[in-house]
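For this one, chain A is given, so just place chain B on it according to the hints.
Here the protein sequences come in this chain order: A and B.
Taking our numbering, the leading residue of the first sequence gets 84, the next gets one more, and so forth.
Taking our numbering, the leading residue of the second sequence gets 3, the next gets one more, and so forth.
Just so you know, the hints here were simulated from the structure itself, not pulled from any lab data.
Treat the hints with care, since some could be wrong.
[Unchecked claim] Derived Cβ-Cβ restraints for the label pairs, each shown as a range: (1) A:R100 - B:Q75: 38 to 48 Å; (2) A:D114 - B:Q4: 20 to 30 Å; (3) B:G56 - A:K151: 17 to 27 Å; (4) B:E61 - A:D114: 15 to 25 Å.
[Claimed, not checked] Residues from chain A shown here face chain B by an in silico Cβ test under 10 Å; the list is partial: (5) V87; (6) S91; (7) S95; (8) D114; (9) K121; (10) E125; (11) G126; (12) S134; (13) G143; (14) F172; (15) Y180; (16) F184.
On a predicted model such as this, the values are computed, not experimentally measured, just so you know.
Glycine is no exception: its CB is placed at the ideal position from the N, C-alpha and C atoms.
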Amino acid sequence: DQQVKQNSPSLSVQEGRISILNCDYTNSMFDYFLWYKKYPAEGPTFLISISSIKDKNEDGRFTVFLNKSAKHLSLHIVPSQPGDSAVYFCAASANDYKLSFGAGTTVTVRA
Amino acid sequence: SQTIHQWPATLVQPVGSPLSLECTVEGTSNPNLYWYRQAAGRGLQLLFYSVGIGQISSEVPQNLSASRPQDRQFILSSKKLLLSDSGFYLCAWRPRLGNTEAFFGQGTRLTVV
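In isolation and in its complexed conformation, chain A is listed as follows (with noise of 0.2 Å):
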C-alpha cells in the first residue's frame, strides 16, 4: 500500500523557471515530512524538510508546502538550475522508525 505518492513521473522545466513538484499522503499520522534528490547511481542526499506543526520551510532556493487538510505537500526550485537535473523522492514519517517514500519524480532543467 502506497502511502505517499508522487503521481508525476516527470517534470521538464526550462533554466530560470520555477519547477514544482508535487506529492500526496494517505496516511494522517505522518507529522514530518522530507524531499531528497537522487542521481543515478548514487545515494539519495536530504534537500528539505517540515514539521506538521508548520506549512512553509525555505532554504534558499527550494520550498517546501504542506498541506495538512488536504494531505499534500509540495517543492518549488526557483531559479532551476542544469544541476537540478535529478530524481527527487517525497518521503513522510509518523514519529516511528520508517521513512515510507514516494516512486520519484525526474526533473529535467532544459538550458
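Same frame as chain A, but now just chain B:
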C-alpha cells in the same frame, strides 16, 4: 562527523548464488538502520529496519534477510538469489531520537544473471 559506508558498489551474481551486502556507520551511536531497494523505474521500497543490535523488522516478504551483529553494522543477505532480486540497494541510518532526516550510503547495483 557521521559517515556511512556501503559495499560493494556493483555486483553481478548468478541465480541461486548467495548474497551479502554490508553497511557500516561511523561517528554516531545507536542509530536506526535501514535497507531500501530501488527497482528499475520505481521508488524506494523499505526492506528492513533495525532499532538495535539483533533487532530486525521486515517490511515485505521476500527472498532476503537482514542482520545487525554490531551497533553500527547492518548486513543484507540471501541464501539463493532470484532474478527479481536485481536492483539498487541502499543502506541508510537515522538518529535514534526525534524526527530527522535519514542519511544514505552510495548504494549497491545488484544484477542477478
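Right, here's what the structure says about each hint:
For R100 of chain A paired with Q75 of chain B, a C-beta distance near 45 Å keeps the hint of 38 to 48 Å intact. Separated by about 24 Å at the C-beta atoms, D114 of chain A and Q4 of chain B satisfy the suggested range of 20 to 30 Å. Between G56 of chain B and K151 of chain A the beta carbon distance is about 37 Å. The supplied range of 17 to 27 Å is therefore violated. At about 20 Å, the beta-carbon gap between E61 of chain B and D114 of chain A stays in the expected band of 15 to 25 Å.
This hint holds: V87 of chain A has a C-beta 8 Å from the nearest C-beta of chain B, less than the 10 Å allowed. The beta carbon of S91 of chain A is not positioned within 10 Å of any beta carbon in chain B (closest approach about 13 Å), and the interface hint is therefore violated. Checking S95 of chain A against chain B: minimum C-beta separation of about 17 Å lies over 10 Å; hint violated. For D114 of chain A, the suggested interface contact is upheld, since its CB lies about 7 Å from the closest CB of chain B, less than 10 Å.
With a least beta-carbon distance of about 8 Å to chain B, the hint placing K121 of chain A at the interface is held under the 10 Å criterion. At a threshold of 10 Å, the smallest CB-CB gap from E125 of chain A to chain B is about 6 Å, leaving the interface hint in force. Interface hint at G126 of chain A: satisfied, since its Cβ lies 3 Å from the closest Cβ of chain B, which is below the 10 Å cut-off. The interface hint given for S134 of chain A holds, since its Cβ lies 7 Å from the closest Cβ of chain B, which is under the 10 Å cut-off.
Annotation: G143 of chain A was flagged as interfacial toward chain B, and the flag is violated, the nearest CB pair being 16 Å apart, outside 10 Å. Checking F172 of chain A against chain B: minimum C-beta separation of about 6 Å stays under 10 Å; hint holds. Of the supplied interface hints, the one on Y180 of chain A holds, with its beta-carbon coming within about 5 Å of a beta-carbon of chain B, less than 10 Å. About 4 Å separates the beta-carbon of F184 of chain A from the nearest beta-carbon of chain B, less than 10 Å, and the hint is met.
Of the hints listed earlier, those the structure fails to meet are numbers 3, 6, 7, 13, in rising order.
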